[in-house]
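Whenever a hint applies, use it, and build me the whole structure from the sequences.
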Amino acid sequence: MENGFNTIAEKGLGFFGKITASISHELKNSLAIINEKAGLLEDFALMADKGIPLDPERMELLAGQIIKQIGRANDIIRTLNLFAHSAEEPLKNTDLVQVLTLVIRLCSRFADMKSVTLAPDIPTDPVTIQTHPFFAEHLICHCLTAAMDWTGMEKKLNIGMEHTDVDVRIHIFPIDIAKQSDKDSVPDQETQMLADVLHARVEQNTVSNMLSLVFPRSIPSGECCPGA
Amino acid sequence: MKEKVLLVDDEKEFIETLAERMQNRGMEVSATTSAVEALKMAEEESYDAVILDLKMPEMDGIEVLAALKEKNPELQVILLTGHATVQKGIEAMKLGAMDFLEKPFDIKVLSEKIKKAHTQKMIIAEKHTQEKIKQIIQEKGW
Numbered sequence: 001m002e003n004g005f006n007t008i009a010e011k012g013l014g015f016f017g018k019i020t021a022s023i024s025h026e027l028k029n030s031l032a033i034i035n036e037k038a039g040l041l042e043d044f045a046l047m048a049d050k051g052i053p054l055d056p057e058r059m060e061l062l063a064g065q066i067i068k069q070i071g072r073a074n075d076i077i078r079t080l081n082l083f084a085h086s087a088e089e090p091l092k093n094t095d096l097v098q099v100l101t102l103v104i105r106l107c108s109r110f111a112d113m114k115s116v117t118l119a120p121d122i123p124t125d126p127v128t129i130q131t132h133p134f135f136a137e138h139l140i141c142h143c144l145t146a147a148m149d150w151t152g153m154e155k156k157l158n159i160g161m162e163h164t165d166v167d168v169r170i171h172i173f174p175i176d177i178a179k180q181s182d183k184d185s186v187p188d189q190e191t192q193m194l195a196d197v198l199h200a201r202v203e204q205n206t207v208s209n210m211l212s213l214v215f216p217r218s219i220p221s222g223e224c225c226p227g228a
Numbered sequence: 001m002k003e004k005v006l007l008v009d010d011e012k013e014f015i016e017t018l019a020e021r022m023q024n025r026g027m028e029v030s031a032t033t034s035a036v037e038a039l040k041m042a043e044e045e046s047y048d049a050v051i052l053d054l055k056m057p058e059m060d061g062i063e064v065l066a067a068l069k070e071k072n073p074e075l076q077v078i079l080l081t082g083h084a085t086v087q088k089g090i091e092a093m094k095l096g097a098m099d100f101l102e103k104p105f106d107i108k109v110l111s112e113k114i115k116k117a118h119t120q121k122m123i124i125a126e127k128h129t130q131e132k133i134k135q136i137i138q139e140k141g142w
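Sequence order for the protein chains is Y and C.
By my numbering, the letter at position 54 of the first sequence is numbered 54, and the numbering carries on one by one without gaps.
By my numbering, the letter at position 93 of the second sequence is numbered 93, and the numbering carries on one by one without gaps.
The set of hints was computed from the structure by calculation and includes no laboratory data.
All values reported here derive from a predicted model rather than from experimental measurement.
Fair warning: there could be bad hints in the mix.
[Unchecked claim] Where chain Y lies over chain C, by a calculated footprint (3+ residues, C-beta under 8 Å): (1) 13-25; (2) 49-58; (3) 103-114.
C-beta: ideal position from N, C-alpha, C; glycine also.
Encoded structure:
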């Protein structure tokens, strides 16, 4: 199992890098807009010096747009902060709704890049399980980004959640299983290792075209994760 | 003569504002958020420079760059990247980009690069004219 943990830790580091790189790009885009809006205000000030009258409505609009972008950047940083802290969390009681919401947010840029719409319909109340939040995020994100390559014509992925006393299921659908190649099918080695560590299962239903991640409500003591 | 520029970036607010600022500086600017649309525009119009974002939906900036250069090898393309590294710069240059810029950037720096692209285009056009004249002289035997 030690070898498995080492591989998972290495893959986890890669996952952390991929997500933080994506977030920093998103943040850069927001900063670039703020930079241009502030630059335009500066242009207007220079034009006013040359006798071109200022348009107060335009000024107000620009200020509002800058405030909106600051809100966007703040939201991006808040997401990054939540994600970063999840990496230092041990095995603990975790709200899987919160984890899934965070993952959907983290994956939204990947979805945008692939022109895929993510349509979550998940419970609003907490659904608590005992798990390792970072590994759970990694597993869900890995499956969700893989599924982005298997969408149908509509290029849309629905994301749902069901729960019983025994387990919690995250469903991603519809997926076109025929689009999977030997290289990118799930569960691959990375998925299987993560699932093993979390005592979870990844199932594909060829009838309902659904990819499901099944998390147990709890993990037997001492069986998950280094340091847990 | 006005520099004619095509801006391509999926962030609508970014290109709209940048286009206005460039117009304030006397440039003629067209803008699109779609990579596919950009390819069509570059085919229909002649631009001094194309300012192209590296990360876009539909098509990656590198793919767009390759498609643009295939249709017009002399087109001057300036790539916009989130994080400019030496490696990325080398990659962009190898693929035929004229230059690259890291977001957010100073508009003075971008304007300089566009002016350079405009000059480059004029040198290429002049070279083509000279070759044409030379060819006519040879054909007519003057």
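Hints versus structure:
no.	hint	result
1	13-25	holds (count 7)
2	49-58	holds (count 4)
3	103-114	holds (count 4)
The structure is consistent with each of the numbered hints, conforming to all of them.
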